[in-house]
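Peer 1: Position chain B with the ligand against the provided structure of chain A, taking the given hints into account.
Heads up: the sequence lines are chains A and B, in that order.
Numbering-wise, numbering that gives the first Met the number 0 puts 186 at position 187 of the first sequence, and it's gapless, one number per residue.
Numbering-wise, numbering that gives the first Met the number 0 puts 0 at position 1 of the second sequence, and it's gapless, one number per residue.
Rather than coming from a laboratory, the hints here were simulated on the basis of the structure.
Worth double-checking, as some hints may not be accurate.
[Unchecked claim] Examples of chain B residues lying across from chain A (beta carbon under 7 Å, computed):
hint: 1; residue: K1
hint: 2; residue: R189
hint: 3; residue: A258
hint: 4; residue: L260
hint: 5; residue: V273
Treat the numbers as computed from the prediction; the structure is a model and nothing was measured.
Note that the Cβ used here is the ideal one computed from N, Cα and C, for glycine as well.
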Amino acid sequence: MQNIAERYTGASVKRSEDPRILTGTGCYVDDVRLPGMLHAAFVRSPSAHARITGVDVTEARKLPGVIAVLTGEELDALTVRGPGAAGMFSAGLPMPSFSVLATDKVRLVGDPVVLVVAESRYLAEDACELVVVDYEELPAVITQEQALDPAGPPIFEDLGSNVLVRSPVATFGDVEGAFARADRVVRAELRQHRHQNVPMECRGVVCSFDLGSGELTVYSATQGVHIARTGFATQLDMPLEKVRVLAGDIGGSFGLKLGAAREDIACAAASRRLGRPIRWIEDRSENLTASGQARDESFEVEAAISNEGHILGLRVKMIIDTGAYPGLGGMLPEAVKGMIPGPYKIGALSFESTAVITNKASYVAYRGPWASETWVRERMIDLIAKELAMEPLEVRLRNVVTRGEPPLQMLTGRSLVGVTSRESLDRIAALVDVEAFRRRQAEARAQGRYLGLGLATYIEAAPGPRTPGGGGGIMGPEQMRLRLEEDGTVTVFTSQMPHGQSHQTTLAQIAADEFGVPFDQVRVVVGDTDVVPMGFGTGGSRSATMAGGVSLHGARALRAKVFEVAAHLFEASPEDMDLAAGAVSVRGVPARAVPLGEIARAAHEPGRVPRDLEGDLEVTAEYDGGEGGWAGGTHAAIVEVDVETGQVRIERYLVAEDCGVLINPAIVEGQVRGGVAQGIGAVLLERSAYDPDSGQYLSSTFMDYLIPTACEIPRIEIEHLETVPLDADVNFRGVGEGGMIIAPPTLCNAIEDALSPMGVRVTEQHLPPCRILELIGAIALDP
Amino acid sequence: MKPPPFDYSAPTTLDEALALLLEHGEDARPLAGGQSLVPLLSFRLARPSHLVDLAGISELGSIVVDDGHLVIGAMVRERAAERHDDVRLLAPLLAQALPLIGHPAIRSRGTIGGSLAHADPAAELPAVALLLDAELVAQSRDRGKRTIKAADFFSGFFTTALQPDEILTEVRIRRPALRTGSAIEEVARRHGDFAMVGAAAMVRLEDGKIADARVALTGVSDIPVRATEAEAILEGAEPTDEAFATAAEEAAKSLSPPADLHGSSSYRRHLATVLMRRTFKLAAQRAKEAA
Ligand SMILES: Cc1cc2nc3c(=O)[nH]c(=O)nc-3n(C[C@H](O)[C@H](O)[C@H](O)COP(=O)(O)OP(=O)(O)OC[C@H]3O[C@@H](n4cnc5c(N)ncnc54)[C@H](O)[C@@H]3O)c2cc1C
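Chain A with its partners taken away, still in its complex shape (with noise of 0.2 Å):
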């Protein structure tokens, strides 16, 4: 290992990923072109929610350059009917049984209807007018009411109703004991508003059906390829083997891009079905209507306190709407309850959730799926130092738990080891100096100016702590394959699927420094199913800990093995061998050095080394997540609220975060930029609006859904604490999703600050200028 000064582990290497995509070279699906290829376009319904009682295609087939047309029906036929994607998260619960595009009813605005299959995607679209679908409208379900109503109609009849799963009450801890001994009890209805992922490149595949071979290739914008070529295989009924799934760069996704999507599915069986190549790149507004939205919960949350801001107990009460076609959305009341105390030692919890089906786009994973567990804790928090007339920050202080001293664990069972929300608590109170910032407060608004001060604070579960029997990862373990070629590089086959997560630069970091080559001597192989190992690819903040982790480790057993083979040559022993400047030698005899290049021939070359060791100088390793562990962090924003228009400026936004050992500083704090403007988007600019009556989408256009801009996100101050040390080796902890968890309470709760003077009660996460002046009272709300 070189000494610590010269690694690249925790240096701001540049990223290898950057001269091909910032010249405008990289290649992603959209960039893809296969010999004879064509170009689909699907019909969508125009409606919320209504029976199909035709369709006709007879006009689209006779436009010059269409190849083909395929209803729902005939899709269905060429298909396995399942949940595809959205089943991926949803194992045990009730499902319905849905086809790859709509048959019997549409469910949603933008529900795929007919694929066409033209010579460009202009005449699909040109075909995709002339098909004729009759529906019969049905009543729209949109609200959580409407799908509460037992008297609604079901959305999928084979469930009968619209709620999709009803969770009993689960309690932890003494609950009523604590609601009986409070001094007070705090309620809220809060709202977390649907909103999406909004990636920079849409979804999109191209789709290949080899008819010599009967094997399928798929190029796909995904977060896994192993994942979605599962999807396809399943759908498709193939064997895995004759599947293969490819990915280039992707331009984000933030949890979108999982599994096989229905519109792919259709493509793929389209091309077995014509052998010859399918493009579908989705446009913005299918994006913004079909793909997929997320959030929409709502909360009925009692605090039972103490007059000195203990927090007892809690009592939650979780609607989830899951949107049309259930998937994630099902699953999600349990990851909520489960984080629900958060780093908090929280008394009693009881929790009881409902999921229910609407007809909106289906709930789908967004950069911390389950965030509105910290949303509704941190609110709380906030509202209970209302009651109290307590500092916020006193009462995060007083609640929190502290490394070391119990509670241990997690009122809903997880280990509480490593939890430093207390330590980046102090950071931000440092930081910001609450008390002279009170000060400024007060003189500002002596002149009619509105400032307030938000924190914020949340765990997760980057992977998690190790839990009893098992490594710290979800999703299971962490495969990879390391190579020495021959020209002494190494390469590193990784199921990662990055997206904007810089695995190509952080994976080679640490296989670098472990293995001992330079950072520009590793080469990190993603995307496709031929040649990466097994597993789910990248999300869920898993990857600096598990792929980190498997790097670390297989550069480390690459190394081992080297050295094996090169103690053979030298005819040594294998302890006695040193790598340095791209050479091994025998310890103490650098000047017979061999070059990396030539161990890795001699491995190939027969006879040179004993059977065992011939043929490629590769490794497989596997990792648990070891010690696993939480990251964490404070957020503060200082805002300023002009009362007259209801404009929020943010003044100051200050991040102390803790993500353990940092593998390169500037990826990580690019993404906690990332995660905090998704944040600020989501609660000063982006919703998902639908029509609560007709069940029109009203957010199909980015002068609808309006996401951030550079000119709306401020300067982001971020500091880093790296804490504590779980593992021997690997401290890598998660840090894609936290910024976005954490940046919507933070910024809630400076708004509601700086309108303490009108009284007002912050309960909703999004507060556009309009509602922020219904809230203080300045304009009234409009009939």
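Peer 2: Just chain B with the ligand now, with coordinates in the frame of chain A:
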């Protein structure tokens, strides 16, 4: 999001362009900077079968000063106008308004004529034209030139007095009188977005009193509107904060702005009040400084 098929011509003279419009009638559409028309095509909300690109017609691309008037060719890019000294000198309100349109990349393509002809009620330039009593010159192959006052030009949501065979060729703006100040302010969800509401005001002072006050609003109706009640209240008044507030509040009473996702009707009315007050004040201050 791909447009339906269309034919495309790129004439190099106004005559040619006018002939094409006449020939194709209602099916043809002039294409200027494309910043509004191209999205409409991609959403298939506009379906002209023939696009007549005006970009190659050099006679539409100049800014000249003529008899105390600033004359801006329809195809002058918004960004070019914004950077032009004569615009700053002779039409300061226009110069203040232009940077509020979108982002520089959009203004480098978008044109003065395109924005006026498109007549988005949320757009800045129609309101500015209205406030400045601009004259819009239209030309057709059959009927030649005519001049339309801004007050007669905007007839409804995205509709103007232009006939399908007409091209807007230039806009003429009279230089402001002495001791006149102007200001424009707006509230948009994001930097560069179409504003929810905007107010442009002009105040002329004489002997310390308001001799002429004007205000035009965007986003409160299907066309840009002058708030004449406010103007009447202010005429002859002292330029005080109270006077501006009263005028703004009175004028806002008669507004019933449209609601959308970004803001309710009440919100827009409220914004109109706030922005009228703010812009009157700023315009009066500038008028004083100009004296
Ligand atoms: C992201 C974005 C943000 C924007 N923000 C704003 C904003 O904040 N404020 C604002 O005011 N605008 C905004 N715009 C609009 C833009 O700046 C232009 O003002 C507008 O698009 C019209 O100009 P154009 O030259 O692009 O016209 P085009 O799009 O080419 O044409 C628009 C319409 O006018 C007709 N037309 C054009 N020129 C003539 C002519 N000479 N004679 C007759 N008819 C003609 C066309 O046929 C078409 O119907 C924005 C645009 C975008 C894309």
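Peer 1: Min Cβ distance, B/V273 to chain A: is it shorter than 7 Å?
Peer 2: holds (5 Å)
Peer 1: With chain A as the partner, please determine if B/L260 meets the hint condition of a C-beta pair closer than 7 Å.
Peer 2: Hint holds; B/L260 Cβ to chain A Cβ min 5 Å, cut 7 Å.
Peer 1: Mind checking the CB of B/A258 against every CB in chain A and telling me if the closest is under 7 Å?
Peer 2: holds (6 Å)
Peer 1: Does B/R189 pass the interface hint, meaning its C-beta sits closer than 7 Å to a C-beta of chain A?
Peer 2: holds (6 Å)
Peer 1: Would the stated hint for B/K1 survive a check requiring a Cβ distance to chain A of less than 7 Å?
Peer 2: holds (5 Å)
This entry satisfies every hint, going by the numbered hints stated previously.
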